[in-house]
Every structure is written in C-alpha cells, then in structure tokens.
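Peer 1: Below are the chains, spelled out letter by letter.
Protein chains: 2
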Amino acid sequence: MVEKRKPIQVAEAVKRVISNDVMPQKEYVSIEESYGRFLAEDLLASHDVPAFDRSPYDGFAIRSEDTNAASSENPVSFTVVGEIGAGYVFNEEVQPFQVVRIMTGAPIPKGCDAVVMLELTKEISEKEILIKRLFKKGDNISYQGEDTKKGTVLVKKGTKINPGVVALLATFGYHEVAVAKQPVIGVIATGSELLNVDEPLAPGKIRNSNAYMILAQIERAGGKAKYFGKLDDDFDACLAETKKALAEVDMLITTGGVSVGDFDYVPAILKELGAEVLFNKVAMRPGSVTTVASLGDKMIYGLSGNPSACYVGFELFVRPMLRRAMYNAYPHLQKVTATLGVDFPKPNPFMRLVRAKVEYQNGTLVASPSGVDKSGIVSSLGGADCLLLLPGGTRGYEKGMTVDVLLLEDQQGSEWPWDNIVASYK
Amino acid sequence: MVEKRKPIQVAEAVKRVISNDVMPQKEYVSIEESYGRFLAEDLLASHDVPAFDRSPYDGFAIRSEDTNAASSENPVSFTVVGEIGAGYVFNEEVQPFQVVRIMTGAPIPKGCDAVVMLELTKEISEKEILIKRLFKKGDNISYQGEDTKKGTVLVKKGTKINPGVVALLATFGYHEVAVAKQPVIGVIATGSELLNVDEPLAPGKIRNSNAYMILAQIERAGGKAKYFGKLDDDFDACLAETKKALAEVDMLITTGGVSVGDFDYVPAILKELGAEVLFNKVAMRPGSVTTVASLGDKMIYGLSGNPSACYVGFELFVRPMLRRAMYNAYPHLQKVTATLGVDFPKPNPFMRLVRAKVEYQNGTLVASPSGVDKSGIVSSLGGADCLLLLPGGTRGYEKGMTVDVLLLEDQQGSEWPWDNIVASYK
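Chain order of the listed sequences is V and X. Residue numbering for the first sequence follows UniProt numbering, beginning at 1 and increasing consecutively. Residue numbering for the second sequence follows UniProt numbering, beginning at 1 and increasing consecutively.
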C-alpha cells in the first residue's frame, strides 16, 4: 500500500547521479553569440602578444645611443623624419639623430630601440625636437611576446565565456568559437491540482509554478529548456507524454507525482519504461522524495511537486549533469563557509538545505534564511542566492555559528562540495 | 597641440554621469521569456498563500473533537467517507466519526479541523481506520494566508528576475510580466590599427577585441547591444556614423579615439555634435582618458582603445546608467571588503582599478590580481570577477591588507559604492 523507501545520504545520491556518463558535444557559434556559452576547447594564444615590438605611449621612437650626451644643460636636437599612426608601419631604417613620431600601439621602426613620451620632449618645429635626458635601450617599448607567448592556454575548456574571455577570443582571431552544445532538458509538470498561469484560481487548485521555475533554472545553468506542458494525474497520458518527451531531449525532468500518495505515478512510469532507479528517497529536507533514474544515456528526474524541494532537487542533481555535458570540470554549486546570521533552532534529523541570502560584512560572508523555512512557502525563493547546508543529526543552530553554503548565482562552481561539511557544534 | 586636460576623481566622474536622467520604459513579455529581465512593477501577491486551508501531508482529515477519548488502549474507529486528491474538493460536510482520505495540498473538507498523517493511523479496511491518540484543532493544517497575505509586495520593482522570482510570478498568475525594456546601447570601434576578428594579423595591426568585449558587457548588464562596426580614423566617416548610430540607440559607446594623439577624433566629433562633455579625464588607472558626454537625453561614452581601460570604463560609467534605465535602485557594482591575496607594490598616484579574482577562504574573501596588471594586457581579463579598488596617493599594498573590491558577476549591486573606500595604511 504505502511503499517503503530507504533514504540515502545526499553525497551518495549525487555520486550515483554523476557516475552516469555524459557525452558533451561541440558546435560553432559566431563570437557575437558566444557570451554565456561554455568553451568546447582550450583557448590558445594564436600569436605572441604584443605581436610586434610596439610603443605603449604617444611619443617619439629614438635610437637610445643618440641621447648618451643629453642633459638639461645640453639638450640634443633630433630631426623628425616621419610619423606612424597605430596600424601603420614606418618602412625606412632610422638614422643617427633622427626620430619618428609614434602613436600608442604603433610598431617601433627599424633602427629605434626606445620611445620618449611626448611630454618629455620640446618641440622646436614640425621637423625638430629637443631631448634633455638619457634614455636606455628598451625604455618604453612593449616587446613582442612579453605579455603572452603563442600557444599559451589562456582559458580552459569548459569555462563559461564572460566578457573578458570574449575579448581574448577576438584578440586571437576566433571569429567562430567552439562551444558546448547546450543540452536540451525536457520539463513535464504533473498534478491535477495545477492550473495554468493564466487561469483564475479555483477551489483546491494552485497555479503551476514549478515548471516555469525549472525552465529558468535550466537557463541559468546554461542548458536549453523544452517545456512539454502540464499533465493531469493520469497514468496512460503521463506515460505516453514521457515517452514522447524522452525522444526529444537529453534529460527529462518531471515535477510532482513522486511521493507515495495514491495518485503519484512516477515510480510506475519508470518501471514501465524499464529505467534504472538510482534512488527514490534522499535523507534531506526539502526534497526527500526526489527520484532519479537512468534510461540508456538519458537521465530522468522525478522532482517533488513542492516548489522548494523541486528547486533544490534541480540544483543538486540536474545542474551537475548539465554542466558536465558542457565540458565543465566544476559542475556542482560552489561551497563556501559563512557565518549564520540568525538562530535556526529547528532540529535536523536529515540534512537540511535552507534557501538563504548571503551578505558581505567586513570581508566575511554572513548567510541568513531568505524567508520562513517551511517547504510549502514559495515566497522565500525570490530572495535566495544560496542554500544553507545544515547536516543532519544536529540540535539546531545559533547565530554566529560557522556553516557551509552553496552559492546559487556563482559561476565558479565546485569539483565536489559534498565532503567535510561543517556540522553544528551543539 | 597637446590638449591640456584636468583629471577629476572617480566618484565625481560617476556622479556627473548619473546626474543625467534616465527614462525607463515598460514592456510585457511572457513568463517563459522573463528570466534575466528586470521587473517594471513591484510583484504583489494576488491572493493569499495558501489560497485555502489545506493539508500539508497525505493523511486523513478529521474532526479533532472526535479524538478526545483516543489512546493506545482505546483506539477510536472512524468511517472513511471519501477521498480528496490535490486539486479536488470534497463537497459534503463531514459528520462525527467520519474521516476523509486527503492528499498533500488538497483543501480541508467542511467540518474537519485537523489532519492525521497516514503513518499515525491503522487501516482496518477501505472504509474503516483506527486513531490511537488525541489531535487538536489545527493540527497539520496549512491555513489560508499563513504564508503570504494578498497584496504583500514580494519582490521590488527593478529586481532582476531569477528562477525563484519566476516561481512567484507563476504562482500569482503573472502570465504576462511587466519588465523594463532593455536599453539599446550602440557600439562603434575606431582605429586604423584594428583588424576584423576573422582577418589575419598584419604588421602594426591588432584585432578589434574591445567591441566584442563591450557587446558581452552590455549583455551581462542586461542591455541590448547594437554593433555599428569598426571605423578607420577618419573624421568625416566617424562623424557620419556617430550621427546615424545616435538616431538608433539609447546610449552610444565608442572605443578608441579618445586620447590626445593626432589621430583621435572623439573630442572633435562631440564638439561638432554639440554634446556637453561631462569630463574627458579621470584620475584613475586604467582609463584616465575616458570621455563622457550627454546630448539631449542620450549619453555618449568615449572609452579608451586600451582593452582594460575600456572594460573598466564600461563597468563604472555605462553600467549604472543602463541599470537605472531598467528601474534598478542598486545600479553600481557591489562593493565588498576583501583581504589582498598578494603584494601589490606599485605606487598609485591615481585610483587604480585592478582586474582581480575573488576566492572564499574560511568565510573570508581574498582578492588577488587575475594577471599582470599592465594596461595593455588582455589576458588577465578572462579570469577577472572583480576589480580591486586601490585609492590614489598610496605607496603600494601588501598581502593581507584590507581592500575594497567591486564584484563584476554579482547581481545584487550597490546604491553608491564610492564613499569610504578603504585606503592603504602605508
């Protein structure tokens, strides 16, 4: 009647999920479309930087030896034999006591070995300047390769492309960028109690919020969401739609239908499909009734119909698979240590993941729940940018205690956050 | 010949920029498209949550008074008169010693005032259960409005829509969401030294990286980028393109052409347009030659051609105007305190903004430069997620000192980060 389920620990659950292979795929997009995507190859410097010896200032390119006798008392006169704008080249060899007017970024002309900044010269005429001090070979020259040597790995494969990475891609001529194909994640909402967002409230009903929330979570994690709509609690309809969806996606998420109530069909559907259930109960709150299964090379996630549980289930179990499918080596949420900003007196038989908000106070992180932690409450989700990790078996937490948190908006990620989680000292 | 410019302090420069009005505009998008946009209105709870008294568990709805005599020794028998799935309503009034099987989320039937969890009942038959203890009125009932009252402001206008906010929008029936129209920011790159990204390197030339970097920065900040291409250093062509671009955008950014070299036309173009120059030199490194002007209700930014200076100029002067144009009340980068991770021995005559990376170490933030800080070096941009703020007039910094940093990827923002910046104690 009531199915008996054995809960497993969070770390074990995540391990079972990521022990499944992913097959990242590469595609090419134009550099204009590359922001926010994940690199499918290491970004290599395709040439030295600078690519040629160049001037870092507006000034005059000189032969340094010509200034050997220069001083305030004995200014030396030079003949201006030309000028080089950035992007141009001076083709002749510069002779003794000749200088070339040079712009920032322009290449050092042949024969010259230093640059004098404009402000340190005295202009006598368009054709003559005075220099009043000694300059050494190499003064104010940016040498070829001094910033970066050709072939250097500048950014690792699997890194999310930020504006700085875009600048590097452009600098090194990557007009077409090899990026990870975005995994397609299907979403099905189940539950006869669900109304569409545009329907008026009715007795006993609530609007379908989980599906839209997950679509946004998929987008935040870097995937491509495909929404298959909202199904009633009808076994045959759910099974048919699940089969249809599986054919079109890389992973599939259902919300609702995972608990042990009479109308919850996910276990039966997984059985009918022949999927291998990795677990169907996790020792955590919220989200204990999360089910994850694999079918061939596809993952099927049965997330709870409860919004908070659904949110947490996505971040813990879907996100790492999604990120791994984009070559990312730090696929989990980044775990950092913070100070608890308020008392949290509830005892935790299981690991508790509390939606919270991080604040920076004098160089330290302080995390406080973003709302009342009652799993039915959606209103605390809006302000959450982290999840407090409160291990099970503790008797509650006090303000000022050290806790671990998982950052939700951070792009750094973590290789494996599930070891050595700070426990309450109570 | 060489134009004399008077540098102003960073805070004063930002103040002059944001003293210009912005005119945010509203538009409606479907909830599926709302992630990442900025709310144009406060998000109000359109009904109580829960919207009706409901069961938080699978169990039986009871009249609590019927359990007054119940105990282990004296289990009380109840008749099961129906069941309610989530989304359904039980229409009759429940009579003494009757119970209704109820699913999580389903409304409490008339006459009942408590719920007994499934595990605490003993099933005798489909029609009869035993209850062995007393329950009180209200036990296991989620009352209408106990989470959120209708009319409550749940999320403020100007907030960036994250997955949790999407869940709230769905819950409260916002199928069409009022969001800020994304300001259109034009980008023009200037400089005869610039190659297109797909062109091979040539003597004296570099590829145009700034334009693509800024397009990504605009996207990260939430705006819509429009690229007008790369122009040679030709006054008439630049002027014509600038006029054309201004007609199509809300703000315009040019990169390059702002220093005092002979081929830098931005000042002349601004004069020709009749724009009011707010400043053309800022006491900071990099980016001292940043120029900002206003023309009617449009801002024109003359950012440096140097990639680092251009990057910083965008984040300091463009981002806040862009965010303000999306109703955002915290338009500047968030400033937080961190510990300097390495020595930074260079003296700072001006405020220095160093591209850096933040790490979390035992609950504290540690910031270290993400590469050699030489303004021509693009390679340090890829790894940067913050800017170190090193005020001018200092003699260098040592590892372990307290510094302020501006977070680049953070979405929280700051109302005004430019007061009380931590100075070196040297």
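Careful: at least some of the hints might be erroneous.
Given that identical chains are not distinguished, each listed pair holds provided it fits within a single copy or across any two copies.
To be verified - In silico DSS-like links for lysine-lysine, alpha-carbon gap of 30 angstroms or less:
| # | residue 1 | residue 2 |
| --- | --- | --- |
| 1 | LYS26 | LYS226 |
| 2 | LYS122 | LYS281 |
| 3 | LYS150 | LYS15 |
| 4 | LYS346 | LYS137 |
| 5 | LYS281 | LYS157 |
| 6 | LYS26 | LYS224 |
| 7 | LYS127 | LYS110 |
| 8 | LYS224 | LYS181 |
| 9 | LYS150 | LYS346 |
| 10 | LYS132 | LYS281 |
| 11 | LYS224 | LYS157 |
In short, the hints are calculated from the structure, not lab data.
Peer 1: All hints, please: hold or fail.
Peer 2: Structure-based check of each hint:
1. For the identical chains of this complex, LYS26 and LYS226 are neighbours both inside a copy (20 angstroms) and across copies (27 angstroms), given an alpha-carbon limit of 30 angstroms.
2. Taking the shortest Cα distances, LYS122 and LYS281 sit within 30 angstroms of each other only across copies (23 angstroms), while inside one copy they are farther apart (81 angstroms).
3. For a Cα distance limit of 30 angstroms, the shortest separation of LYS150 from LYS15 qualifies neither inside one copy, at 40 angstroms, nor across copies, at 42 angstroms.
4. Within a single copy, LYS346 and LYS137 get their C-alpha atoms only as close as 71 angstroms, which misses the 30 angstroms cut-off; across copies the closest is 23 angstroms, which meets it.
5. Neither within a single protomer nor between protomers do LYS281 and LYS157 lie at most 30 angstroms apart by alpha-carbon distance, with minima of 35 angstroms and 39 angstroms respectively.
6. Both within a single protomer and between protomers do LYS26 and LYS224 lie at most 30 angstroms apart by alpha-carbon distance, with minima of 15 angstroms and 27 angstroms respectively.
7. Taking CA atoms no more than 30 angstroms apart as the test, LYS127 paired with LYS110 passes inside one copy only; the shortest distance there is 19 angstroms, against 100 angstroms between copies.
8. In this assembly of identical chains, LYS224 and LYS181 lie within 30 angstroms of each other by CA distance both inside one copy and across copies; the values are 9 angstroms within and 24 angstroms between.
9. For a Cα distance limit of 30 angstroms, the shortest separation of LYS150 from LYS346 across copies, 28 angstroms, qualifies, whereas the shortest one inside one copy, 57 angstroms, does not.
10. Proximity of LYS132 and LYS281 under a CA criterion of 30 angstroms is satisfied inter-copy only: 28 angstroms between copies versus 81 angstroms inside one chain copy.
11. Taking the shortest alpha-carbon separations for LYS224 and LYS157, both the intra-copy value of 20 angstroms and the inter-copy value of 27 angstroms come in at or below 30 angstroms.
Taken one by one, the earlier hints fail for this structure at numbers 3 and 5, listed in ascending order.
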